[in-house]
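Add chain P to chain C, keeping to what the hints say.
Those sequence lines, one after another, are chains C and P.
Under this note's numbering, the letters of the first sequence match residues 1 to 574, in that order.
Under this note's numbering, the letters of the second sequence match residues 1 to 574, in that order.
Bear in mind the hints are in silico, worked out from the structure with no lab data behind them.
One copy or two, either will do: identical chains are not told apart, so a pair holds if it fits within one copy or between any two.
Below, computed lysine to aspartate or glutamate pairings styled on EDC-like, alpha-carbon distance capped at 20 Å:
no. : residue 1 : residue 2
1   : 22        : 259
2   : 348       : 276
3   : 23        : 232
4   : 295       : 259
5   : 451       : 500
6   : 355       : 118
7   : 23        : 225
8   : 254       : 294
9   : 22        : 225
10  : 4         : 206
11  : 23        : 259
Protein chains: 2
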Amino acid sequence: MEGKERVSLWIRNARVYNSFLKKFERANVAVRGERFYYIDRRQEIDFEAEEIVDVMGRYMLPGLTDIHMHIESSMMTPSAIAGCLAENGVTTVVTEPHEMANVKGLRGVEEMIRSGADTPVDIYYGIPASVPTIGDGMETTGGRIDFADMRRLLARPEVVCVGEVMNYRQIIQEKDLEITKFLRYLRENGIDIPVEGHCPSLVDLELAKYLYQGIDSDHTEHTFEEACQRLENGMFLEIQDKMLDEKLLQYIRKNGLYEYCAFVTDDTMADTLIREGHLNRIVEKAMEKGFPPEKAIYCATYTPARRMRLFDHGCVSPGKLADFMIVAEPVRLRPEMVYKRGRQIYRKGDSRQQKKGKFPKDFYKSVVVSEAQLAAFDGIHAPIQSGEVTVRAIEVSPHSTHTRGCHIRMPVKDGLLRWEESGCLLAAVIERHGKNGAVGIGFLTGACHKKGTVATTYCHDHHNLLVAGDNVEDMKLAVRRLFELQGGYLTVQDGKILAELALPVGGIVSECPAEEIGGNLSQVRQSMEKLGYEHENPIMSFSCLGLPVSPEWKLTDQGLINVKRGQRVSLFVS
Amino acid sequence: MEGKERVSLWIRNARVYNSFLKKFERANVAVRGERFYYIDRRQEIDFEAEEIVDVMGRYMLPGLTDIHMHIESSMMTPSAIAGCLAENGVTTVVTEPHEMANVKGLRGVEEMIRSGADTPVDIYYGIPASVPTIGDGMETTGGRIDFADMRRLLARPEVVCVGEVMNYRQIIQEKDLEITKFLRYLRENGIDIPVEGHCPSLVDLELAKYLYQGIDSDHTEHTFEEACQRLENGMFLEIQDKMLDEKLLQYIRKNGLYEYCAFVTDDTMADTLIREGHLNRIVEKAMEKGFPPEKAIYCATYTPARRMRLFDHGCVSPGKLADFMIVAEPVRLRPEMVYKRGRQIYRKGDSRQQKKGKFPKDFYKSVVVSEAQLAAFDGIHAPIQSGEVTVRAIEVSPHSTHTRGCHIRMPVKDGLLRWEESGCLLAAVIERHGKNGAVGIGFLTGACHKKGTVATTYCHDHHNLLVAGDNVEDMKLAVRRLFELQGGYLTVQDGKILAELALPVGGIVSECPAEEIGGNLSQVRQSMEKLGYEHENPIMSFSCLGLPVSPEWKLTDQGLINVKRGQRVSLFVS
Chain C
1 MEGKERVSLW
11 IRNARVYNSF
21 LKKFERANVA
31 VRGERFYYID
41 RRQEIDFEAE
51 EIVDVMGRYM
61 LPGLTDIHMH
71 IESSMMTPSA
81 IAGCLAENGV
91 TTVVTEPHEM
101 ANVKGLRGVE
111 EMIRSGADTP
121 VDIYYGIPAS
131 VPTIGDGMET
141 TGGRIDFADM
151 RRLLARPEVV
161 CVGEVMNYRQ
171 IIQEKDLEIT
181 KFLRYLRENG
191 IDIPVEGHCP
201 SLVDLELAKY
211 LYQGIDSDHT
221 EHTFEEACQR
231 LENGMFLEIQ
241 DKMLDEKLLQ
251 YIRKNGLYEY
261 CAFVTDDTMA
271 DTLIREGHLN
281 RIVEKAMEKG
291 FPPEKAIYCA
301 TYTPARRMRL
311 FDHGCVSPGK
321 LADFMIVAEP
331 VRLRPEMVYK
341 RGRQIYRKGD
351 SRQQKKGKFP
361 KDFYKSVVVS
371 EAQLAAFDGI
381 HAPIQSGEVT
391 VRAIEVSPHS
401 THTRGCHIRM
411 PVKDGLLRWE
421 ESGCLLAAVI
431 ERHGKNGAVG
441 IGFLTGACHK
451 KGTVATTYCH
461 DHHNLLVAGD
471 NVEDMKLAVR
481 RLFELQGGYL
491 TVQDGKILAE
501 LALPVGGIVS
511 ECPAEEIGGN
521 LSQVRQSMEK
531 LGYEHENPIM
541 SFSCLGLPVS
551 PEWKLTDQGL
561 INVKRGQRVS
571 LFVS
Chain P
1 MEGKERVSLW
11 IRNARVYNSF
21 LKKFERANVA
31 VRGERFYYID
41 RRQEIDFEAE
51 EIVDVMGRYM
61 LPGLTDIHMH
71 IESSMMTPSA
81 IAGCLAENGV
91 TTVVTEPHEM
101 ANVKGLRGVE
111 EMIRSGADTP
121 VDIYYGIPAS
131 VPTIGDGMET
141 TGGRIDFADM
151 RRLLARPEVV
161 CVGEVMNYRQ
171 IIQEKDLEIT
181 KFLRYLRENG
191 IDIPVEGHCP
201 SLVDLELAKY
211 LYQGIDSDHT
221 EHTFEEACQR
231 LENGMFLEIQ
241 DKMLDEKLLQ
251 YIRKNGLYEY
261 CAFVTDDTMA
271 DTLIREGHLN
281 RIVEKAMEKG
291 FPPEKAIYCA
301 TYTPARRMRL
311 FDHGCVSPGK
321 LADFMIVAEP
331 VRLRPEMVYK
341 RGRQIYRKGD
351 SRQQKKGKFP
361 KDFYKSVVVS
371 EAQLAAFDGI
381 HAPIQSGEVT
391 VRAIEVSPHS
401 THTRGCHIRM
411 PVKDGLLRWE
421 ESGCLLAAVI
431 ERHGKNGAVG
441 IGFLTGACHK
451 KGTVATTYCH
461 DHHNLLVAGD
471 NVEDMKLAVR
481 RLFELQGGYL
491 TVQDGKILAE
501 LALPVGGIVS
511 ECPAEEIGGN
521 LSQVRQSMEK
531 LGYEHENPIM
541 SFSCLGLPVS
551 PEWKLTDQGL
561 INVKRGQRVS
571 LFVS
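Just chain C, same shape as in the assembly (with noise of 0.2 Å):
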């Protein structure tokens, strides 16, 4: 047996990441075809191969998995992220395109799906779960995804998991949603599939009820006690950027809890994205904050890849994907190379290449807004001829893409509200997916911009135009542009474009380079700051202004939601 076989591929002189003993180890690797076939540690058989690297000592890794993240948060397609991905060590993604679905419905997530088929990174799929997010018309969406699409998906091979099941209050009171149809379709019928939750806040008996349905991970913003009760009752826990916490990563490893846990990005932002990282980027903040190299490897690689059943993805063994990346450093994820299913996919120094033109014509024509829609700026009736009104106002907060209501007196004249007086910005939601024409007036105060204009029609998640200014003049603008545009992100002030971002693939996301897309974005970031916006992340701020699952009142195309009370709230306050 000990004769010179042939394999494809032959790595000599690695350490290489063991994922059962958490350990390195220094091996010759053989690859036949996809898969590992053989860990010489005696580094003693001489193979016959097509392609040798002797990597000199250097570290090898499995391929980063990335399970609970949305690739249109970086306003990316698919085949624009995967790229990045790839030179950031991440050869396995699990995504949940709820924005696109808001957009397009079913066709939407399968468009997706199809536009990424042939990126270099495995492109697995979550099933939106929450599309729309409340709708019962308090938001125009431009898709759907009900019961019957959600058993479509799961036919598809992509599909790996239930996507993020938002609405949790609902949840846990036992109501009749689509979800819950298809969660109980599930169950009845003993198909299991990993279910992503969403369940900021919930504890003890609420949490044990949303469990018992059978949404099994959180991945949302914790204190250290909430997020132990998730461990301690089974609940996978997804680690994103800001539960980096020390006395959490601490606790995991004193109960060696490395089997239920897991690092994810969920959103990041292009910018982000090109200066920063990706998961490699989390798993090397962990690091930094003592969690040990063995084991956080293991949170981002073998752990993340079981709790999505890929059982041939995630470690470096005979058998399973030869999806790896070889380092310097194990504590600086920044690979040199990169192979995927035993072929390289990037190799340092290596330029980035994409295609354009994935999607159906379309989606390259999704923003269908009037002039008719634009006249709703130019007069906002008052309940009275003249005098003063209170007006419920919406302020943004600086930290927090929750919001507060509150009360603002605003004069009138002729019947007409007098709001440039009040110091607040006027803002609409223009529904754009060609379905009613409706449009949402508020007003915004609070950390937001002071002056000139913000627009997009990136608002989550019904992906309406959303626009606020000082003018209606500058506004009007801003909205012909993106309608010009066919989406994107911009600010206007006197008469001028400032900085824009396109995002003409379902007004959402774009096919340009990342390095174009993360730079137009940084200057509208930029551009937003400088007209007063006052947030840590303006662009997720301005964005979620239109969110009526996220308190405390917003902004749709029907007008100001009281999402606590879920129901839709008049301008002015009788």
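Chain P in isolation, oriented as in the chain C frame:
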């Protein structure tokens, strides 16, 4: 939320095993229907419950899960063994019914599944991968499992794995077998299902070749070094009684390999089952050898459940199946109560119930032997007319089921062998499936019985009728009696049945109470010992004398087999 909610079962004052923290915690546990609802660690919520059980500080453990076992090894039907499993706290098993498959093919598997469908424990199945073990004119079986059968079984909800792939030598030579065709089919279609291995002594590149085919567990007997190689290469290690080695258990502890190994029973004879218990006994033994109880429980519950992708089994947490047992001490797994899917299935002192007549009629009429076949004993023709010949005989080993080949000189008179004068026993394997009426003749020496006759239809894996004795008349009596019983195990001396166990279902299992099967089996065993059998398990030794994949020489209905060469050999040395 803190009102008096209604649940079906409320276990109060328990010390509950937490699989994630691997420790016991005081809690009340609420069950709703089939599943755990809430683990109330603060013991503060007052439920209204259909059934309240105060366990007064006793220990609550997940039901044990045995993922590698063969029900037929206990000579019981699924229905017969279920009660025994329940009283030993075993709530879930994965069985691979290759014995019945050798008798009845696909129908054998399907009828095993059907017959056990209404038992109180969960019985899952592995697809028999090696039926017949070798075939190709070297043994006649009643049925076979081919690629199409495997695909058909794969579609059944009770099937969770591919069962024991025993032909490991052929596998690593990449021979074209039914099972290799099936493994390729699974991989090409991205179908993920655990594949149970069987590869004693394989190491290094050969072991890697086996893993490369996607076979990723082993439960056979190993040296410490062989076991370590399995673990470090990502092979799941199933630890049966004879592998409970202290050095290995220490290695597992030192490296925290609790995810990668599980305790299993493999084969448990009925008398051992009655006397010592089942998987609970293996776990107790591991604890006695210093394996910490909290880890031992984990490796017999949550780890094996996940190995078999039974993600809602094996732990006490919200949303999981309410399978559990109550014991007084966690180191003595003799349950006072056992619950399965929220319902009590055993209470100490309960008598066991089981059903008969669960199989189709032909399963009770599976032993076909003719007087013409018996005539084969009467005169064994030698290649000479008179003098002495050298005969190949099977030398039975006292400690192993492996045999050795040896040469014996025997007198010949009138062209017939005078074997009675040689000190050997005459042995015959009589084809009894109604296929071809073949009779294989051989001779036994060594640790087998020295006088009298032993006969059985429980003859691995083809389960033809094996008889070996010191005179032809007793042998004929034994065969006729087995025909009357339609299968069984018995001893005969001087024209009298000494002990017998009837195995009328497929000639290999019984629907009688476990105590009756165990008692009769014990009597047969003792009778064999009285007749001079010197093996520690004469039943196992005798039943393996026909197994043509177990070295060195074995006897089938097709004659004497040299196992290493995989060839039939002549009885006479020429």
